[in-house]
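Protein chains: 6
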Amino acid sequence: MSDPFFHPVSGFDLPRFAGVATFMRLPHVGLDDPRIGEVEIGLIGAPWDGGTTNRPGPRHGPRQLRDLSTMIRAGNGATGIRPFELVNCADLGDVPPNPADLMDSLERMSSFYARVKQKGIVPLTAGGDHLCSLPILRGIAADAPVGMIHFDSHTDLFDSYFNGSRFTHGTPFRRAVEEGLLDPKRVVQIGIRGTSYDTEDLDFAKSVGIRLIRIEEFFDRGIADVMAEAHEIAGGKPTYVSYDIDFVDPAFAPGTGTPEVGGPNSFQALQVVRELAGVDIIGADLVEVSPPFDASGGTAWLGISIMFELLCVLATSVKARNPA
Amino acid sequence: MSDPFFHPVSGFDLPRFAGVATFMRLPHVGLDDPRIGEVEIGLIGAPWDGGTTNRPGPRHGPRQLRDLSTMIRAGNGATGIRPFELVNCADLGDVPPNPADLMDSLERMSSFYARVKQKGIVPLTAGGDHLCSLPILRGIAADAPVGMIHFDSHTDLFDSYFNGSRFTHGTPFRRAVEEGLLDPKRVVQIGIRGTSYDTEDLDFAKSVGIRLIRIEEFFDRGIADVMAEAHEIAGGKPTYVSYDIDFVDPAFAPGTGTPEVGGPNSFQALQVVRELAGVDIIGADLVEVSPPFDASGGTAWLGISIMFELLCVLATSVKARNPA
Amino acid sequence: MSDPFFHPVSGFDLPRFAGVATFMRLPHVGLDDPRIGEVEIGLIGAPWDGGTTNRPGPRHGPRQLRDLSTMIRAGNGATGIRPFELVNCADLGDVPPNPADLMDSLERMSSFYARVKQKGIVPLTAGGDHLCSLPILRGIAADAPVGMIHFDSHTDLFDSYFNGSRFTHGTPFRRAVEEGLLDPKRVVQIGIRGTSYDTEDLDFAKSVGIRLIRIEEFFDRGIADVMAEAHEIAGGKPTYVSYDIDFVDPAFAPGTGTPEVGGPNSFQALQVVRELAGVDIIGADLVEVSPPFDASGGTAWLGISIMFELLCVLATSVKARNPA
Amino acid sequence: MSDPFFHPVSGFDLPRFAGVATFMRLPHVGLDDPRIGEVEIGLIGAPWDGGTTNRPGPRHGPRQLRDLSTMIRAGNGATGIRPFELVNCADLGDVPPNPADLMDSLERMSSFYARVKQKGIVPLTAGGDHLCSLPILRGIAADAPVGMIHFDSHTDLFDSYFNGSRFTHGTPFRRAVEEGLLDPKRVVQIGIRGTSYDTEDLDFAKSVGIRLIRIEEFFDRGIADVMAEAHEIAGGKPTYVSYDIDFVDPAFAPGTGTPEVGGPNSFQALQVVRELAGVDIIGADLVEVSPPFDASGGTAWLGISIMFELLCVLATSVKARNPA
Amino acid sequence: MSDPFFHPVSGFDLPRFAGVATFMRLPHVGLDDPRIGEVEIGLIGAPWDGGTTNRPGPRHGPRQLRDLSTMIRAGNGATGIRPFELVNCADLGDVPPNPADLMDSLERMSSFYARVKQKGIVPLTAGGDHLCSLPILRGIAADAPVGMIHFDSHTDLFDSYFNGSRFTHGTPFRRAVEEGLLDPKRVVQIGIRGTSYDTEDLDFAKSVGIRLIRIEEFFDRGIADVMAEAHEIAGGKPTYVSYDIDFVDPAFAPGTGTPEVGGPNSFQALQVVRELAGVDIIGADLVEVSPPFDASGGTAWLGISIMFELLCVLATSVKARNPA
Amino acid sequence: MSDPFFHPVSGFDLPRFAGVATFMRLPHVGLDDPRIGEVEIGLIGAPWDGGTTNRPGPRHGPRQLRDLSTMIRAGNGATGIRPFELVNCADLGDVPPNPADLMDSLERMSSFYARVKQKGIVPLTAGGDHLCSLPILRGIAADAPVGMIHFDSHTDLFDSYFNGSRFTHGTPFRRAVEEGLLDPKRVVQIGIRGTSYDTEDLDFAKSVGIRLIRIEEFFDRGIADVMAEAHEIAGGKPTYVSYDIDFVDPAFAPGTGTPEVGGPNSFQALQVVRELAGVDIIGADLVEVSPPFDASGGTAWLGISIMFELLCVLATSVKARNPA
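Residue numbers (our numbering), protein chains in the order written: chain A, 1 to 324; chain B, 1 to 324; chain C, 1 to 324; chain D, 1 to 324; chain E, 1 to 324; chain F, 1 to 324.
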């Protein structure tokens, strides 16, 4: 049972629109806070979009996700999981990027996540653009490559942009494979669709053994079948979960920089996460929520609802590893 | 056949964007109007959101629903029903709330609906928040408890808010059961989902015999099967229909105060109403449309489309009772 | 293989948010341009909404569609088609309407399209309201009636508006049948739904042999079955494709003047076009995108994604006719 | 003293967000209503924008102006005028245009206003685009030319559009002078600014004696001085007041089709109307409010605030003519 | 010199869009925090709008004001004041209202402010609607009546609403005078304008000696002269400052429930606060910012800029009283 | 007299909402176009915001400015200047940035502008963030330092960001002075306001002789007086004009990343440019228009209106230098 210090503020004590907005109304416990040692899952903001090649904005994501997250309550109605009671959760604040320097930002982020790992905290990150996943993996998977279940409409496996820029939100997982952070045989990408320049990313995936499941296959086979395969690919070993909000159809998630029409609806968006139950998850992120393109806040609301589902399977996973 | 006085203004006489906006371009007939005695179905606005515990706004619902309602035409393409020809319909105007006094507002509303019932008019209400359903039931179900088919993502069966406030939009049906307005054995709630504080509402439902159909069950079984069960529960006796717009997925209905992702789409939102054909409906409402969160008007357009479907089954039901 | 002059600007040479916005970043080649003779498919804007009887705005459609179209890349991930390599494509600019004179606009448009046809260019048009389809057909189907596969929530087969106005966006295909531009036996209308004044349009359809597939039938039978019937109706002969964005559910396409809830999602919106493969298409349009009602640009993004799918099947069709 | 029947609904009886929205919460009294003979000032909607050559939308103006008008109270804090007590005011509804036929719409409107005049009612119109002022003048100034005080950023004195279209929102006052509806020597145009094609309109103004006051002169001299000159030009004889919302700076009134930056602020927008006190006003309009470009409703709120100021001077003027 | 613990996070350490949003990036120090005793000025959110009679929304004000406040830097460029160096400032969090119970909310708020006063902290409050000022005054002015400088377009001096509701955002200062919290002779209200029901509020003001300065007088005399009179009225004795955002013209502050056109611009909005230098200020508030009507966040940005100006004069005032 | 090839498309030939959107409807003439040698003033887009430290978005500026620019007509009503007749103007397209590499982007931009200068073309640039001004100056002022008249709410004279990043939109003019591109004695910055971290920028300005005119001084002295001083500072020698849209009050220009309230209105925004007549201008820019924060397009409309005023004084200046 978790420590009450780490329980969210209840809407019966303070209405949900009130109060300083932390993730899911959890206590704000920075890396230097005296109680940081008790935290088991850390919700972290990565407010950086320096890897964006098209429409910027995800740097504003963590702020808006925190705002909407105050409408999340304590229990998961569908699965019955009550994550805040299972493990100690806290809002660790934002990792500080340098918006004027891409390489410095990558360095700041990987250092931050290395410290998080060192403290034994499992990170659940709110992006930020998808390049953020690279320094996170550098921070938490430096010892040994991990598997990855990746929900997205894009593979993010390109080699470079403008013939030379190797660090953009289209390249993180190419780099992660090259750097030995990901075991490509244990990587599955789900939801791929949209137009493309060429097949360079697909060729790379094939060459290293990454499994791609296009959206047509996803709809044809159904969620249960697809996710069963994902479990097999993850193989019962440490696995990272990366969720790009543009996996979801833009009618449900308009607030993102590179939307692709023809995606899953919001029920399916939650279901794929619920089907992660049993995977050995060592960290997760939800990226590419872009408030400037999300006037109504609906994308952030869906985004934080997905994060809550991620938290539920993450808490179960953490509890399974530390059953005490 | 209805009296032509009660027919909507045609778009061929006055374009749909023109004219003073009444519900579906019907004549405005107040409770003191000389022709009120001829009205069979009254469309009523309940512009009040004093029961809102989170994001207010539904007080503006009736105005925006009237605006969008001018795009509704005379016939239902799917079912062939032409409600305005079946029975005399009119816009009765808005019930006047007191925004500065919750208990006074409840009283004003129940008195208004008691008068509506006394005149033999079946009410179709546009809310307002969901607390409005309580004074409506007080007005029309004071004599004997009625059944209810309830579409919503929340049960609205909580006991109190802030440990003491018993009248909020989370409590109307708890009160209605306690006050003998609803027969809990003849109540079904469809579409329940989202996070929760605890299971107090579910426990109450179970204890009094209210049937809950969560969204997962709804999607698994399909509309036809679920609605067949709803017919059984209603049991051929007088039944109220309460439709919270947050039943629908927020991509289709963003303009509401407590959205829950993972809901039905707009086709399903209409289908569940069409499947009410044959139920003995004695009144209906569509609540929680919140224009400040609906910049595009899309929620109101869906809301009024649902109200038109409700009107079609209501008109058929009224006609069945008064076949003359 | 197409001429590189007609290839789109790559996002690796100029970021997708940069540059003067032409359709899909193609060269702008006007009807008097020296290279017009090489163009095989012309993307044309028809910025006119003089036929609108309700909410205007589609005159702004081509501008916004061009803007969003810069996010389209070279290849179709689902079908593998790379249209710009198959045939020479260009942006022919906008046909100039006279916003103050409906009949003059019709004349200007039909003349423009007659010139397009004369030059052997297959037109893919971005509307504009649906009345634009009439002068397009006058321009390209003057010699012999063509078939039509028509996606829409409305039939657009009405006779007149306000008892006398014969040219509105509710009448184009009634006129086209009367004028011998369409062979009604080879016309199918898919997706019809919403409320209606009367059955005048349905009666006309039945009397001339136009096939209507309502949305309920569409969902019941599924896309593959419905589109197989569409192929049969088209009959392997020259066929026009007209796509009203209000075919799609307004949650996916809010930016239109006469939305009808309960329509297909965006995946289905693309699928129906992909299923056109093999039809002998001699022109196509995507109409009724209305930027003033599309604050987020999401409708235009879906619209241009549909246009890209149309371009893919159109390019295949053109290539099939001119295999050189 | 006016008849209480013609008094607005009070916010203390029905909150301002409630009720069917008529202009300023006045009774809706159509031209065929039994009490029409008692009306002294009629508020009329002219929901038509067929004269628009650029961005359409003002056809939606009357609906939105009515909505916002429910926030107007009974008395003018600045001048002390209480118009609803001075004279009988009513909402006459909307004049029905034919959106598919410009000439038919002009005819419908002039007939309507001729009836209004015949009944002795002074019209205060909410447009619609500026072409609406022409049929209004045809209806009320057919007997003898009137003077006009005209607030606008454009002269609307052009001869034709597209070399031939003589009826657009850029031409109404050219036509009105030609048709003998306006006495050009008694016309003053205030606030003119923005870019221009040529000086055709200025040449015409000079040739017939219309006085133009550009915005630079307006700011240099100040409101009191400019309006004193306007009084002189009106000359104590029957004068029409036409107010284009684009007179005001677009920061205050973004919701219009042809905004020109560098205009008056909202205080000045009201002051010029207050300075009309003493002019013999025989009708007035407020045109070009375009809701699709006014997401926040701020333009309509300013527009209706201006209309209330117009009503105050109009009521005083009517009372002065009928002191009984 | 203030303690560095109470300095805002610098934008050079953490970009302004990053981090958990507290007021002006100050530390969050609750009333039970160990360091609360060191706080000299407390920034407090009052997220409650139960007194709203028209358009609700200010309950969301504190959250959005905190968000925008992260763009405030350390020094006032115009006056040179650096408030965070003068005195210890902190974000005290939000006072918890009960959205379902008006009287309970008033009680909760007055208790909270009584504790604030007891700790010797000067409160700077972000509303909330204007009724919030009443419990604040009950909390901090219970001992002796204070003076007030009040910027607003409304007097908020009405007696009751709906003939009986005595606690709304139109009545707080009537109640405060009656309860002996305000010394009416030392109250000045600046910026009054807009339409009115009657003169009940003006009559009350006159009867008790409150000085009203309408907007016309404000513009005529100029800020320096008006504010000099305000100083005289405050009389060098303890004075509260209440600033309703609707004092400012709605082009600058659209996000509020009861806007009145014709108000000051944003430069004047700041200037009036700067002219408070030298007044003995014992507390201040900025109320009626309503995010649902402020899509762009511009109102909150102006609101927090005004709060920073208030903080500067407040800090100077506190420093003057405690020169240590 | 200019060549008709370089005249804008008239709204009488093609309505203003139609056609591919180039700057002010000018011909698109790239640097490699055969007619580039005839161009005298080149309108250029700089779609890059890599220097943004707060809210990104100006990379989308050129696209939206082109869109709105189609509403600009041929002549300046206030000054009578008709720039397109004075000199040959063209849209040179966008300079291609590398969004993933700041230093590469700077290099690409300075090379582009060096080519522009080499061809004898005077550039009028639409940003992009303010860092864009640095590579522009590198391209056109490499030979000898120029003077600058700079409208802005910020000095952009900071040394570095995050203690090390020397190239951000807060540093361009510090760098330009250091690199000998600007003669600080001939630089004036007008409109400075807002909060500040420290006085580092002011100290630098003082040390090198840059003249700062804060907004309070600007309002006190008036435009004519301030601009007379600007003329003196420019000293009749080659001068660059840099205009940050955040010079203007955010009510008039909300669409920008770092707004500061309390600025000039739109009339003043134009007037300061008109008062540049007679300055020897060798290039100009309008930067920091950020479409994601400009939902209504109003900022872009003001921005392009300012650019037209800049074009008028630029064309006069060019003509004065090349009187041919």
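Honestly, I wouldn't trust all of these hints.
[Unchecked claim] Derived coverage of chain E by chain D (criterion: at least 3 residues anywhere in the stretch with Cβ under 8 Å from a Cβ of chain D; other residues may be distant):
1) 24-37
2) 49-58
3) 73-83
4) 129-140
5) 152-165
[Stated by the list, open to error] On the chain F side, residues computed to face chain D include the following (Cβ under 8 Å):
6) 4
7) 8
8) 12
9) 17
10) 73
11) 78
12) 144
13) 204
14) 222
15) 223
16) 251
17) 296
18) 301
19) 302
20) 305
21) 308
If you are wondering where the hints come from, they were derived from the structure by calculation, not from laboratory data.
Here a beta-carbon is modelled for each residue, glycine too, at the ideal position from N, C-alpha and C.
Outcome of the hint check:
Coverage of the stretch 24-37 of chain E by chain D is violated in this model, with 0 residues showing a Cβ closer than 8 Å to a Cβ of that chain against a need of three. With 3 residues carrying a beta carbon less than 8 Å from a beta carbon of chain D, the stretch 49-58 of chain E meets the three-residue requirement, and the given coverage holds. Counting residues of the stretch 73-83 of chain E whose beta carbon lies closer than 8 Å to any beta carbon of chain D gives 0, which falls below the threshold of three, so the coverage claim is violated. Counting residues of the stretch 129-140 of chain E whose C-beta sits closer than 8 Å to any C-beta of chain D gives 0, which falls short of three, so the coverage hint is violated.
Proximity of the stretch 152-165 of chain E to chain D, defined as three or more residues with a beta carbon under 8 Å from a beta carbon of that chain, is established by the 3 residues found. Interface restraint check: residue 4 of chain F against chain D, minimum CB-CB distance 15 Å, threshold 8 Å, status violated. Because the beta carbon of residue 8 of chain F sits about 10 Å from the nearest beta carbon in chain D, more than 8 Å, this interface hint is broken. Evaluation of the residue 12 of chain F hint against chain D yields a held restraint, the C-beta minimum of about 6 Å falling below 8 Å.
For residue 17 of chain F, the interface hint holds, since its Cβ comes within 8 Å of a Cβ in chain D; the closest pair sits about 6 Å apart. Because the beta carbon of residue 73 of chain F sits about 4 Å from the nearest beta carbon in chain D, less than 8 Å, this interface hint is met. Given hint, residue 78 of chain F at the interface with chain D, holds; its Cβ is 6 Å from that chain's nearest Cβ, closer than 8 Å. Because the smallest distance between the Cβ of residue 144 of chain F and any Cβ of chain D comes to about 35 Å, over 8 Å, the interface hint for this residue is violated.
With a cut of 8 Å, the hint placing residue 204 of chain F at the interface with chain D is violated, because the nearest CB-to-CB distance is about 34 Å. The closest approach between the C-beta of residue 222 of chain F and any C-beta of chain D is roughly 12 Å, which is over the 8 Å cut-off, so the hint fails. Because the beta carbon of residue 223 of chain F sits about 11 Å from the nearest beta carbon in chain D, more than 8 Å, this interface hint is broken. About 5 Å separates the beta-carbon of residue 251 of chain F from the nearest beta-carbon of chain D, less than 8 Å, and the hint is met.
Annotation: interface hint on residue 296 of chain F holds; nearest CB of chain D at approximately 5 Å, less than 8 Å. Interface restraint check: residue 301 of chain F against chain D, minimum CB-CB distance 6 Å, threshold 8 Å, status holds. Checking residue 302 of chain F against chain D by beta carbon gives a least distance of about 5 Å; that is within 8 Å, so the hint holds. Restraint check, residue 305 of chain F versus chain D: the minimum CB separation of about 5 Å is within 8 Å; hint holds.
About 7 Å separates the beta-carbon of residue 308 of chain F from the nearest beta-carbon of chain D, less than 8 Å, and the hint is met.
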